[in-house]
Amino acid sequence: AEGQKFDPFKHEAIMEVETLEEPDGYIVEEIMRGYTFKDKVLRASVVKVARAPDVVEIKIEEDQDE
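By the numbering used here, the letter at position 54 of the sequence shown is numbered 54, and the numbering carries on one by one without gaps.
No lab work stands behind these hints, which were simulated from the structure alone.
Everything numeric in this text was worked out from a predicted model, so none of it was measured.
Please note that the accuracy of each hint is not assured.
Stated by the list, open to error - Between beta-carbon pairs, the in silico distance windows are:
#1 E18 <-> K40: 29 to 35 Å
#2 P8 <-> D54: 35 to 41 Å
#3 E18 <-> D39: 17 to 23 Å
#4 K38 <-> K5: 20 to 26 Å
#5 D54 <-> R33: 17 to 23 Å
#6 Q4 <-> K40: 25 to 31 Å
We put the CB at the ideal spot given by N, CA and C, even for glycine.
I would like the entire structure built from these sequences, with the hints used as guidance.
What follows is the structure in C-alpha cells.
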C-alpha cells in the first residue's frame, strides 16, 4: 500500500505525517495489512498518510523613497 493514493474504501488512516517527500494524500507507511477477496475489502489496511506542511508566507514590505 505504500506509495499508493489513499482510498477511504480500502484504507483506514490513523495518522497524518507532514512531509515534502511524498505527495499530499499518498500512503507513507502501512501499519497493518488489509485483505481483499474478489474485489471486496475484507479488512482495510491501516496506514499513515502524507500531508503537505502548512506553509506560512512571509511578505517583505519594501519602503520606497518618494
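Comparing the hints with the structure gives:
The given range of 29 to 35 Å is respected by E18 and K40, whose C-beta atoms sit roughly 34 Å from each other. Distance hint check for P8 and D54: the Cβ-Cβ separation is about 23 Å, which falls outside the suggested range of 35 to 41 Å. With their beta carbons about 33 Å apart, E18 and D39 fall outside the hinted range of 17 to 23 Å. In this structure, K38 and K5 meet the distance hint of 20 to 26 Å, their C-beta atoms being roughly 22 Å apart.
Look at D54 against R33: about 31 Å separates their beta carbons, and that is not inside 17 to 23 Å. One distance hint, 25 to 31 Å for the beta-carbon pair Q4 and K40, is violated here, with the actual separation near 18 Å.
Violated hints for the displayed structure, listed by number in ascending order: 2, 3, 5 and 6.
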